[in-house]
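Engineer: Below, each chain spelled out in residue letters.
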Amino acid sequence: MLLIRCPYCDESRPEIEFRHAGEAHIVRSDKMADLTPDEFERYFFLRDNRKGDVYERWRHIHGCGRFLNAVRNTVTDRFLMTYKAGEPRPALPDPQAQAAATEGNGQ
Amino acid sequence: MDSPVGVERLHPLHGRRGGGAAVGLTPAQAAVRISLRAKPDAVSALSGGLGLDLPTRPKTAVVNADGTRSALWLGPDEWLVIDDGEHGGSADLVKALADTGVLHSAVDVSHRQTAIMVTGEAAAETLAAGCPQDLSLKAFPVNACSRTVLGKIEIVLWRMADDMFRVECWRSYSDYAFAFLSEAARDAKA
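If you read the sequences in order, they're chains A and B. As numbered in my numbering, residues 1 to 107 make up the first sequence, in order. As numbered in my numbering, residues 1 to 190 make up the second sequence, in order.
Just so you know, these hints were derived from the structure itself, not from any lab. Computed from a predicted model, the values in this text were never measured in an experiment. Don't take every hint at face value.
Straight-line distance between alpha carbons at most 27 Å, and here's what the computed BS3-like set of lysine-lysine pairs gives [said to hold, decoys possible]:
(1) 189(B) - 152(B)
(2) 84(A) - 95(B)
(3) 138(B) - 152(B)
(4) 189(B) - 84(A)
(5) 31(A) - 84(A)
(6) 95(B) - 39(B)
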């Protein structure tokens with residue numbers, strides 16, 4: 001089973017306690033009423049759906065209940081890091097640190 | 001709890017017994033339960049109102065001096081308070097918390113939930129049949145507690161002693177939880 005580190009519980013927890021919650025760092029406009037339909041479509045519906053390392057929101061729904069952000073590789077399904085919601089988008093960890101970090105977490 | 005019409009409320013798991021030599025399953029006695037949410041600046045005042053120190057460390061439970069009231073950390077701003085003193089608990093915790101005057105949310109969930117006590121040397125093994133967390137004493141020591149999963153339902157799991165767990169689940173799921181644990185107990189250390 002995949003283990004996901006919850007930054008609020010400060011512990012790696014089984015994947016089935018979590019729920020995926022879409023792409024992270026999507027900023028809601030301060031002036032929603034002024035958006036054109038195209039701008040609203042971009043904000044509301046369109047997602048990058050990239051292959052590789054992606055920034056995602058997850059929710060520890062069957063645990064502490066908090067939303068958190070994670071960097072996950074969509075090809076290998078490895079979680080590179082997780083961090084609290086509201087924190088700025090971190091730089092991706094370098095590949096060597098990634099290998100060391102994921103070595104011991106049962107993936 | 002006394003009812004105005006004199007009808008005793010039946011426990012959802014009334015009369016159920018399960019388990020075997022190595023693990024016992026018993027419905028927990030009735031209790032008052034509060035779902036408490038508050039910001040960090042309200043914690044000390046609310047602790048005073050409850051008469052125990054609300055835990056702020058993840059995965060920990062705190063029990064008051066006479067062992068009748070406990071607070072379980074569920075999230076950074078969320079606790080489950082359980083009071084089973086006086087045969088089912090008649091303490092008005094919502095009022096006790098309201099009297100503190102600090103901003104918080106306290107919802108009485110006494111009858112939303114019920115609990116199953118899992119005791120005996122194979123207790124952890126029995127729960128491990130459906131709970132994905134590491135339940136070894138090192139990872140889940142005495143007084144560790146967590147909202148988690150048992151089979152197909154969500155539970156709150158609390159290790160009260162080396163070989164004693166309290167499984168809090170919603171009352172409509174309690175039949176499933178009890179049946180699941182009974183099956184698991186059969187497979188654990190016969």
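Engineer: Quickly compare the C-alpha distance for residue 84(A) and residue 95(B) to 27 Å and report which way the hint goes.
Structural biologist: Cα-Cα ~34 Å, so violated.
Engineer: Hey, residue 138(B) versus residue 152(B), does the alpha-carbon distance stay inside 27 Å?
Structural biologist: Holds - the C-alpha atoms of residue 152(B) and residue 138(B) are around 26 Å apart, at most 27 Å.
Engineer: Given the hint that residue 31(A) pairs with residue 84(A), test it: the Cα-Cα distance must not exceed 27 Å.
Structural biologist: The hint holds at about 26 Å.
Engineer: Under the criterion that the straight-line Cα-Cα distance not exceed 27 Å, is the pair residue 189(B), residue 152(B) satisfied?
Structural biologist: Holds, at roughly 23 Å.
Engineer: Sort out whether residue 84(A) lies within 27 Å of residue 189(B), counting only the CA atoms.
Structural biologist: With a Cα-Cα distance of about 41 Å, the restraint between residue 189(B) and residue 84(A) is violated, given a limit of 27 Å.
Engineer: Hey, residue 95(B) versus residue 39(B), does the alpha-carbon distance stay inside 27 Å?
Structural biologist: holds, 19 Å
Checked against the numbered hints given earlier, the structure breaks hints 2, 4 and satisfies all the rest.
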